[in-house]
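Quick mapping for you: the protein sequence lines, in order, are chains A and B.
All residue numbers for the first sequence refer to this note's numbering, where the first residue is 1161 and numbers rise by one.
All residue numbers for the second sequence refer to this note's numbering, where the first residue is 1161 and numbers rise by one.
Since the hints were derived computationally from the structure, they do not count as laboratory data.
One should not assume that every hint holds.
It does not matter which identical chain is meant; a pair holds if it fits inside one copy or across any two.
[As the list claims (entries may be wrong)] Computed cross-link-like contacts, DSSO-like style, restricted to lysine-lysine with a CA-CA straight-line distance of at most 27 Å:
(1) K1203 to K1293
(2) K1497 to K1336
(3) K1192 to K1203
(4) K1203 to K1370
(5) K1178 to K1288
(6) K1370 to K1261
(7) K1336 to K1261
(8) K1176 to K1389
(9) K1238 to K1475
Quick caveat, the model's predicted, so the values are computed rather than measured.
There are 2 protein chains.
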Amino acid sequence: MEIDILKDFSFTPVEKSKIDTFDFENVQFGAKFTDHMLVCEYKNNAWQQAEIKPYAPIQLDPSARVFHYGQAIFEGMKAYKDVNDEIWLFRPEENFNRFNKSAVRLAMPEIDETIFLDGLKALINIEKEWVRKGLGNSLYIRPFMIATESGVIASPSNEFLFCILLSPAKSYYAGKIKVQIAEYFSRAANGGIGAAKAAGNYSAQFYPTKLAQEAGFNQIIWTDSTHTKLEESGTMNVFFRINDTIYTAPTSDRILDGVTRKSLIDLAKKEGYNIEVRPVLVDEIVEAAENGTLKEIFGAGTAAVINQIEAFSYKDKMYELPNMDNEGSYALDLKDKLTKIQNKLADDSFGWTVKI
Amino acid sequence: MEIDILKDFSFTPVEKSKIDTFDFENVQFGAKFTDHMLVCEYKNNAWQQAEIKPYAPIQLDPSARVFHYGQAIFEGMKAYKDVNDEIWLFRPEENFNRFNKSAVRLAMPEIDETIFLDGLKALINIEKEWVRKGLGNSLYIRPFMIATESGVIASPSNEFLFCILLSPAKSYYAGKIKVQIAEYFSRAANGGIGAAKAAGNYSAQFYPTKLAQEAGFNQIIWTDSTHTKLEESGTMNVFFRINDTIYTAPTSDRILDGVTRKSLIDLAKKEGYNIEVRPVLVDEIVEAAENGTLKEIFGAGTAAVINQIEAFSYKDKMYELPNMDNEGSYALDLKDKLTKIQNKLADDSFGWTVKI
Ligand SMILES: Cc1ncc(COP(=O)(O)O)c(C=O)c1O
Ligand SMILES: Cc1ncc(COP(=O)(O)O)c(C=O)c1O
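In isolation and in its complexed conformation, chain A is listed as follows (with noise of 0.2 Å):
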């Protein structure tokens, strides 16, 4: 694609690039970003011309409705390089799609396809250097839409500052993780953001994942209102095998629709796995892990991909799972296909994957 970056967008580069100081070996996840931003702003009921700069602070007034009210949204997704030097996105039109959802619930300026997607395409395009090829490697993308206007008026702001940051992400084996299903606190309500990507919904579990991280636990599967079905954790979707089917929740006004979840559905369909879209109880995955029909569970989400999930607690009492890796575990497979895919090691018949 190509993206004439003074028509569309105004550029200011940065003097000098930070490149050389970042060690693409030791690479924490989300923690430095890239020289350039997008941003832009949204006023008198219109999204302004979107600029590139660099990177730098955001000045607001201090009683800009976002450090009151919470109202913000974020998106996060990947690029990947591939072998010839291209880079990737894959199904950026679901991010887009659910950013502005999310912009829906939150009262907040759906933006147009031009800022979201071609200013994305325009900043990674100025950005390349900072993708980094090989499997493992890829840049994360945070989009993400605050309040600005100002005035501690508990009403929707009538301004906006849009905003694409870049993070280089290297994925590390980072182990199986222990999980606690929900049983006192909840992350969302019937009728309620949970299907956002709304900034609220994230602190909203801080309290209660830190109590389960002092109980050595590393993420906690949220229930429903009345704790019995099983959604979704922390910034992943989940996904129960019991004997040979797999099975995931299906979305809801509480629950987040995601990328990777979609994806994993058409690809298991698709590589002849049997999986079932429907409410998963809490009651029958005990059963299932006490009569040793429960073979895996694991979360699916683009940071991670896949994160296999080792045991879980509920009522106090821990269940470990076996380990299928080497007996076929279809979560370790999935995860492989999925991600040759989104690397372009593997053949994309989907048509996920968007060149930049």
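With chain A held as given, fit chain B with the ligands onto it using these hints.
Using the frame of chain A, we list chain B with the ligands on its own:
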């Protein structure tokens, strides 16, 4: 109370006050602020020196946690000037304690009483001129805390900024309001953050409230997860009078424990009203409206003290309340009595008011 500002707080005065440009007759709630603000940083596991300095923008990294994960809490309280030019706070320890409860739920550090309460007193002392006398005039106080650490990592921040802003307020008679009973949307989950004054709770209400406003209502009365119990509304707790008894919902992890609510409960008891704290069912209110025993509904919160509700809708049917203004309205009587205590125009037998 004597505060040695130079000892406990660093103080940088403005060069020139903007008080002469402030129109005290035409005040829009929460829109404009006084000359100074209090700020205090949290880092290296400790609150740093608090500073009182000119009101000015806050500068943050674009990856600051508050923008992405909504880790932010606030309080709302008021100061009043009496006929002798003394300034009074209303139950400030309640707001201080609630702030720290919110902090715990959002995995943020609790603030020291010296910074919150003594800091507030020192700040108001400096801004004395901004507090006007006379019933209806007050100074709105907005303490808040935001997560400032950079990095798009969905985990609690290690750095925070606590801040207090002051905004002169005036109460106008805004009229009675019309509300809609929530049948689909929710404000808070069981085991969620509804009881905290967390930023994310407010933006979550914006879209449903916008829809309600487009349908001709001012606010929504939120219900529990089964949409059968009436809980609270916007930034107010809610009271229902059936015949001669006032009912209000008990607080829970979904409902904010309002200072106005608890003060009204005590005041109503003292004044000899029948008041019961117990779950209030949608069905009983609809029935009472239909058989004419529903006399009043009112919201209670710091901003407006009491807001009378003249009509509500449920399942697309509108229920009008009788006009009790000249027939011994409990809402008007309680509002008058509470406002007079706050403004030091009536004896404060509860010891609720605290002199600065
Ligand atoms: C709450 C939540 N669930 C699930 C996911 C997974 O979604 P995706 O696969 O689109 O990254 C995310 C995002 O990472 C999330 O924030
Ligand atoms: C959600 C909510 N409910 C009720 C109230 C009323 O609380 P208070 O009386 O302490 O102002 C507030 C705060 O204003 C609020 O934000």
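**Prompt:** At most 27 Å between C-alpha atoms: does K1203 with K1370 qualify within a copy, between copies, both, or neither?
**Reply:** between (38 Å within a copy, 19 Å between copies)
**Prompt:** Quick one: K1176 to K1389, C-alpha cut-off 27 Å, is that within a copy, between copies, both, or neither?
**Reply:** So K1176 and K1389 fail the 27 Å test inside a copy (52 Å) and across (60 Å) alike.
**Request:** Give the relationship of K1370 and K1261 under a CA distance limit of 27 Å: within one copy only, between copies only, both, or neither.
**Result:** between (29 Å within a copy, 16 Å between copies)
**Request:** Indicate which option fits the pair K1238, K1475 if close means a Cα-Cα distance not exceeding 27 Å: within, between, both or neither.
**Result:** neither (37 Å within a copy, 45 Å between copies)
**Item:** 27 Å Cα threshold - placement of K1203 relative to K1192
**Value:** between (29 Å within a copy, 19 Å between copies)
**Prompt:** Are the CA atoms of K1178 and K1288 at most 27 Å apart within a copy, between copies, both, or neither?
**Reply:** within (14 Å within a copy, 49 Å between copies)
**Request:** Go through the copies and call it for K1336 and K1261: within, between, both or neither, with a Cα cutoff of 27 Å.
**Result:** neither (32 Å within a copy, 34 Å between copies)
**Request:** With 27 Å as the alpha-carbon cut-off, assign the pair K1203 and K1293 to within, between, both or neither.
**Result:** Neither way: K1203 and K1293 sit 39 Å apart in one copy and 37 Å across, limit 27 Å.
**Asked** Checking K1497 and K1336: alpha-carbon separation at most 27 Å within a copy, between copies, both or neither?
**Response** within (19 Å within a copy, 61 Å between copies)
When the structure is compared with the earlier hints, violations turn up for hints 1, 7, 8 and 9 and for no others.
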